[in-house]
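Engineer: Just so you know, the sequences run in chain order A and P. Heads up, the first sequence is in this note's numbering, so the first residue is 2 and it goes up one at a time. Heads up, the second sequence is in this note's numbering, so the first residue is 2 and it goes up one at a time.
The hints are simulated quantities; they were obtained by calculation from the structure and are not laboratory data. For each residue, glycine too, the CB sits at the ideal point set by N, CA and C. Worth double-checking, as some hints may not be accurate.
Claimed, not checked - If you want the footprint, here are the derived chain A segments under chain P, 3+ residues with CB under 8 Å:
id: 1; segment: 49-55
id: 2; segment: 71-83
id: 3; segment: 142-154
id: 4; segment: 442-449
id: 5; segment: 506-517
Claimed, not checked - Partial list, derived from the structure: chain P residues whose beta carbon lies under 8 Å from chain A:
id: 6; residue: Ala141
id: 7; residue: Arg560
id: 8; residue: Ser582
Read off the chains here:
Protein chains: 2
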Amino acid sequence: MFRYEPPLRDIHFVIHELLDAESALRDLPEYAAWDRATVDQTVEALSRFAQRILQPLNASGDREGCRVEEGGVSTPSGFAQAYRHFVEAGWPRLACAEQLGGQGAPAVVFSAATESLYSTNPGWTMYFGTARGAYECLLAHGSPEQNDLYLTKIVSGQWTATMCLTEPQCGSDLGLVRTRAVPAEDGRYRISGAKIFISGGDHDLTENIVHLVLARLPDAPAGVGGISLFLVPKYLIGQQGLSLECNGMSAVAVEDKMGLRGSATCAMNFEGSVGWLVGKPNEGLRNMFVMINSSRVGVGVQSLGMGQAAYDSALGYARDRLQMRAAGGAHRPDLPADPIIVHADVRRMLLTQKAHVEASRMLVYWLSLELDREHAHPDAAVRQVAGDWVALLTPVAKAFLSENAYAVANLAIQVHGGHGYIRDNGVEQIVRDLRVAQIYEGTTGVQARDLLSRKVLPDGGARLRRLLDMVHEHARSADDEFTEVLVRLCAELEQLTAHVAEAAARDADAVGASGCDYLRVVGHLVCGHLFARAARLARSKLSQASPDPHYAAKIATARFYFERLLPEAWSCAQTARSGLSSLSTLSERELFI
Amino acid sequence: MFRYEPPLRDIHFVIHELLDAESALRDLPEYAAWDRATVDQTVEALSRFAQRILQPLNASGDREGCRVEEGGVSTPSGFAQAYRHFVEAGWPRLACAEQLGGQGAPAVVFSAATESLYSTNPGWTMYFGTARGAYECLLAHGSPEQNDLYLTKIVSGQWTATMCLTEPQCGSDLGLVRTRAVPAEDGRYRISGAKIFISGGDHDLTENIVHLVLARLPDAPAGVGGISLFLVPKYLIGQQGLSLECNGMSAVAVEDKMGLRGSATCAMNFEGSVGWLVGKPNEGLRNMFVMINSSRVGVGVQSLGMGQAAYDSALGYARDRLQMRAAGGAHRPDLPADPIIVHADVRRMLLTQKAHVEASRMLVYWLSLELDREHAHPDAAVRQVAGDWVALLTPVAKAFLSENAYAVANLAIQVHGGHGYIRDNGVEQIVRDLRVAQIYEGTTGVQARDLLSRKVLPDGGARLRRLLDMVHEHARSADDEFTEVLVRLCAELEQLTAHVAEAAARDADAVGASGCDYLRVVGHLVCGHLFARAARLARSKLSQASPDPHYAAKIATARFYFERLLPEAWSCAQTARSGLSSLSTLSERELFI
Numbered sequence: 002m003f004r005y006e007p008p009l010r011d012i013h014f015v016i017h018e019l020l021d022a023e024s025a026l027r028d029l030p031e032y033a034a035w036d037r038a039t040v041d042q043t044v045e046a047l048s049r050f051a052q053r054i055l056q057p058l059n060a061s062g063d064r065e066g067c068r069v070e071e072g073g074v075s076t077p078s079g080f081a082q083a084y085r086h087f088v089e090a091g092w093p094r095l096a097c098a099e100q101l102g103g104q105g106a107p108a109v110v111f112s113a114a115t116e117s118l119y120s121t122n123p124g125w126t127m128y129f130g131t132a133r134g135a136y137e138c139l140l141a142h143g144s145p146e147q148n149d150l151y152l153t154k155i156v157s158g159q160w161t162a163t164m165c166l167t168e169p170q171c172g173s174d175l176g177l178v179r180t181r182a183v184p185a186e187d188g189r190y191r192i193s194g195a196k197i198f199i200s201g202g203d204h205d206l207t208e209n210i211v212h213l214v215l216a217r218l219p220d221a222p223a224g225v226g227g228i229s230l231f232l233v234p235k236y237l238i239g240q241q242g243l244s245l246e247c248n249g250m251s252a253v254a255v256e257d258k259m260g261l262r263g264s265a266t267c268a269m270n271f272e273g274s275v276g277w278l279v280g281k282p283n284e285g286l287r288n289m290f291v292m293i294n295s296s297r298v299g300v301g302v303q304s305l306g307m308g309q310a311a312y313d314s315a316l317g318y319a320r321d322r323l324q325m326r327a328a329g330g331a332h333r334p335d336l337p338a339d340p341i342i343v344h345a346d347v348r349r350m351l352l353t354q355k356a357h358v359e360a361s362r363m364l365v366y367w368l369s370l371e372l373d374r375e376h377a378h379p380d381a382a383v384r385q386v387a388g389d390w391v392a393l394l395t396p397v398a399k400a401f402l403s404e405n406a407y408a409v410a411n412l413a414i415q416v417h418g419g420h421g422y423i424r425d426n427g428v429e430q431i432v433r434d435l436r437v438a439q440i441y442e443g444t445t446g447v448q449a450r451d452l453l454s455r456k457v458l459p460d461g462g463a464r465l466r467r468l469l470d471m472v473h474e475h476a477r478s479a480d481d482e483f484t485e486v487l488v489r490l491c492a493e494l495e496q497l498t499a500h501v502a503e504a505a506a507r508d509a510d511a512v513g514a515s516g517c518d519y520l521r522v523v524g525h526l527v528c529g530h531l532f533a534r535a536a537r538l539a540r541s542k543l544s545q546a547s548p549d550p551h552y553a554a555k556i557a558t559a560r561f562y563f564e565r566l567l568p569e570a571w572s573c574a575q576t577a578r579s580g581l582s583s584l585s586t587l588s589e590r591e592l593f594i
Numbered sequence: 002m003f004r005y006e007p008p009l010r011d012i013h014f015v016i017h018e019l020l021d022a023e024s025a026l027r028d029l030p031e032y033a034a035w036d037r038a039t040v041d042q043t044v045e046a047l048s049r050f051a052q053r054i055l056q057p058l059n060a061s062g063d064r065e066g067c068r069v070e071e072g073g074v075s076t077p078s079g080f081a082q083a084y085r086h087f088v089e090a091g092w093p094r095l096a097c098a099e100q101l102g103g104q105g106a107p108a109v110v111f112s113a114a115t116e117s118l119y120s121t122n123p124g125w126t127m128y129f130g131t132a133r134g135a136y137e138c139l140l141a142h143g144s145p146e147q148n149d150l151y152l153t154k155i156v157s158g159q160w161t162a163t164m165c166l167t168e169p170q171c172g173s174d175l176g177l178v179r180t181r182a183v184p185a186e187d188g189r190y191r192i193s194g195a196k197i198f199i200s201g202g203d204h205d206l207t208e209n210i211v212h213l214v215l216a217r218l219p220d221a222p223a224g225v226g227g228i229s230l231f232l233v234p235k236y237l238i239g240q241q242g243l244s245l246e247c248n249g250m251s252a253v254a255v256e257d258k259m260g261l262r263g264s265a266t267c268a269m270n271f272e273g274s275v276g277w278l279v280g281k282p283n284e285g286l287r288n289m290f291v292m293i294n295s296s297r298v299g300v301g302v303q304s305l306g307m308g309q310a311a312y313d314s315a316l317g318y319a320r321d322r323l324q325m326r327a328a329g330g331a332h333r334p335d336l337p338a339d340p341i342i343v344h345a346d347v348r349r350m351l352l353t354q355k356a357h358v359e360a361s362r363m364l365v366y367w368l369s370l371e372l373d374r375e376h377a378h379p380d381a382a383v384r385q386v387a388g389d390w391v392a393l394l395t396p397v398a399k400a401f402l403s404e405n406a407y408a409v410a411n412l413a414i415q416v417h418g419g420h421g422y423i424r425d426n427g428v429e430q431i432v433r434d435l436r437v438a439q440i441y442e443g444t445t446g447v448q449a450r451d452l453l454s455r456k457v458l459p460d461g462g463a464r465l466r467r468l469l470d471m472v473h474e475h476a477r478s479a480d481d482e483f484t485e486v487l488v489r490l491c492a493e494l495e496q497l498t499a500h501v502a503e504a505a506a507r508d509a510d511a512v513g514a515s516g517c518d519y520l521r522v523v524g525h526l527v528c529g530h531l532f533a534r535a536a537r538l539a540r541s542k543l544s545q546a547s548p549d550p551h552y553a554a555k556i557a558t559a560r561f562y563f564e565r566l567l568p569e570a571w572s573c574a575q576t577a578r579s580g581l582s583s584l585s586t587l588s589e590r591e592l593f594i
């Protein structure tokens, strides 16, 4: 049975050595107090919480799942108690604004600390994770009264919160939202409609739940420009505290999902529920999108955390499981067979996992630091540059890392063989839990369109130029074994971008035809660059007396990434280039007969 | 909710047009009666059975699973009744020898007909599928008495059968088998030991189960040369029919698996169970391997069947689901949004599924026909050539097709978005059911080693030469849009093979380092070749008056395969070539710190 050990050494390597977050945060007045010791203490403390409290509930939470009962949705045994511990320890406050009672941690610390939650119990963590999006929305657009009444409770963790977007007829296309909001007395509204896929829509962890609901006002225009955002609490606040009666809503079902079964994904009915407008009428979608980048980076953190758990588990098994002899002769003649880690194919699988996980950590932490710079740097020009990085890299981190982590999780099953296909070893659960990361917060296809249509093509390629310049500059100055490949891949990406831009000018559908493969090329360039930087740094440390063995391993992992994983970028570039040509020769009816 | 429609048109295309199975079977005296009409009736009849009887039990079988109860293992509701229908209709007899009461169908018909069983209910089909392996073992090595008493019952389906190989300490490495067989009275043996992962080890479908068990005789040498094969029935045959008492065995647990949950995968204890030797002592492993090729081709059929179901489901959903407008403007202004099939990225996913499924069908049916030739051609030289094809292509079909089908199933979730992640739409079940296809009957890594170490490298590349010659010859004679790529890929594979052979001569571990990527290169060459042949054939039919629209779609699908899927072969060749270089720079302890 798998036991989680937080990968503190690699977390430190990325935060302190690669990113030098302490210096970076010193330039951000709001976060200047987050020195190295504070960061390390925070990450380690939450990792230990995850290890001690959450990990033991992971398999049982999956088995038990959630149920709709008389009084509402019940979560798996132990979840509510773990949540109380979490609140008592003050963890919900971690990355919340200090004026609301938060601890004001920067995103880079939040990402590094919460990685462990997803490694140990992603189903449980969803209750906390979805509240985060609502927190950001309200922080940006809530009225002082809303913030005082509701947001402070979300900050403390006393209440959780949800985002109620999806409806049966609309997921990616929120313009089709039908839920209605009718003005009522005292500036209130009455909300009615059906929402689905609401994470934490109901549960027994907290006494109240704050729903942020997308709905249409009676006179709203059709489409995305007619959607408003409403705050709809499960229980209204009355003179004597919380009302005893539910505010006209109910979780009519808990979805029977492939994974994340400890997380109550609810189908909700609102029937005249009392709500308040958040922000201005018809600006709901725009207001909601303040949280889109951080929630997408959050999917990167999930992918990283679950990938790390899958890798750990596979590595442990590969060291213990005895099966066959090494090709070149027995390594352990004292045992009936060699541990399977001696087989090159098993090492290939483990290194694939290791390289993907370490690349994810570099990308996610870096991107989190750019979120911090965008939010808190005193210089507007620096904020602008950071915002460009966030804009460009967020869809890449969301889609590329969730796809890679899924491969990592599937490799954990493969390393375990038949023992990975049964539930006891916990790795098939990681596959099931991770599968949705390619879907929610915008599918891979949605991310790919965002990357090309909104981030790369419109500004004449300025954001992409910045990426290419950075890669070039480092590669040339390093002039090592990775330089030639990176320079060549930059050229390939540049040509590919021009090719896609031209195709898209002729036929807008070309973006969809090339997007997913294009995104993988960008992902490999970014991760290849990060590994080249990490390897250069590690090489510089090798000359130290008795250097930390982490450095030699980092260089070897970087080499593996370039030799074994990055080559996929070339075939993706080729398929991205083929664009619409094999997708549109026949009509849909003629093709799919 | 998904309804299965058997893909009869494409089945006919492959069997009759591409392979011309009727002529091929006419040359095999044993199968000469299987003319086109008989083949079509058989395939259609079993497909209808699958559609009517099995498909309705697929989701419920997954939900209910199997349970160990007082009297043995109980299967999901309806499974036993469906099995009775199956036996009454005579289906277990389909591909069994006529002298044993079978219908004597060739493998190509068996594959085409059973594809539908895996499309509709893979969990149920496992009970039938595992009996198949035992049938082949006994047919080859059973004594006349064993065949009379047991094999005829397996042929009729009255009893099922299992293969008891795996033990807790050994899966891929059967040399570690510990189960013991002690000689007893009357040429009997007493079998004692623990077996795991026994598909259909116990169930309530039939009154008896025949186990073929690998075990060691007291004086057996260590390793694979000391393993013998025993026939161990659940109930012994006495004077008054079946004994009332179980033959010293019990299913102590049903594994809680990721998928195939309708299939009872049992942990079995044998405690002095009475058994009989099958074949000679210490030749158990060799004797068992008579079924290895057909059971591996069987995994190809499973992958094909489940892939087809995943594709059908995604296609149906993509036509119905309305979400956003086509990039170039509304296709269905009469509806609130366009069906998602209008989006290029969705068409890309559907075509990826379609191309993989059609490639699988061509490869699996062709390989099945070679199994038939190897088995039944009167000319020994033809049998030899067919045997070479079977040897070379079986590991490719098993590994390449199971990996591709898993991608196809995952794309079905992706096309469904969040609706694919919940159980209602049935596609997440396909992912769970399919995951084990890359593991059982030899993992992908085991197949890759088999391909390189046993099939390609030892005979100086003669078998591979035959493949390259065939591809070359067709490509040159066709001289169409696919020729250049295929010729280039042949050259690449030839060089890669020389490269790997050289590396393996220096370090045997190099086979493991390159094997999985090497196998994918071979898989793409084979499937590319088959698509080129299919497209050439289809082009020749286009000149007919009002040609069947299947032909134009086939050409478009072939083009998609070459433009979008086959390019992966180049990056796989590159990673295969890198071999051990990034896997062995550091020791295991230094690398995985």
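Engineer: Does the nearest C-beta of chain A fall within a distance shorter than 8 Å of the C-beta of Ser582/P?
Structural biologist: Since the shortest Cβ distance to chain A is 6 Å, the answer is holds.
Engineer: Are at least 3 residues of the segment 142-154 of chain A within less than 8 Å of chain P when you compare beta carbons?
Structural biologist: violated (count 0)
Engineer: Quick check: the segment 506-517 of chain A, covered by chain P? Criterion 3+ residues, Cβ under 8 Å.
Structural biologist: That given contact holds, which follows from 9 residues of the segment 506-517 of chain A lying within Cβ reach (below 8 Å) of chain P.
Engineer: Classify the hint on Arg560/P as holds or violated, based on whether any CB of chain A lies nearer than 8 Å to its CB.
Structural biologist: With Cβ-Cβ at 5 Å, under 8 Å, it holds.
Engineer: Mind checking, does the segment 442-449 of chain A have 3 or more residues with a CB under 8 Å from chain P?
Structural biologist: holds (count 4)
Engineer: Verify this for me: three or more residues of the segment 71-83 of chain A with a beta carbon less than 8 Å from a beta carbon of chain P.
Structural biologist: violated (count 0)
Engineer: Does the segment 49-55 of chain A contain three or more residues whose Cβ lies closer than 8 Å to a Cβ of chain P?
Structural biologist: Violated: only 0 residues of the segment 49-55 of chain A have a Cβ under 8 Å from chain P.
Engineer: Let me know if the C-beta of Ala141/P comes in closer than 8 Å to any C-beta of chain A, holds or violated.
Structural biologist: violated (26 Å)
In summary, the numbered hints that this structure violates are 1, 2, 3, 6.
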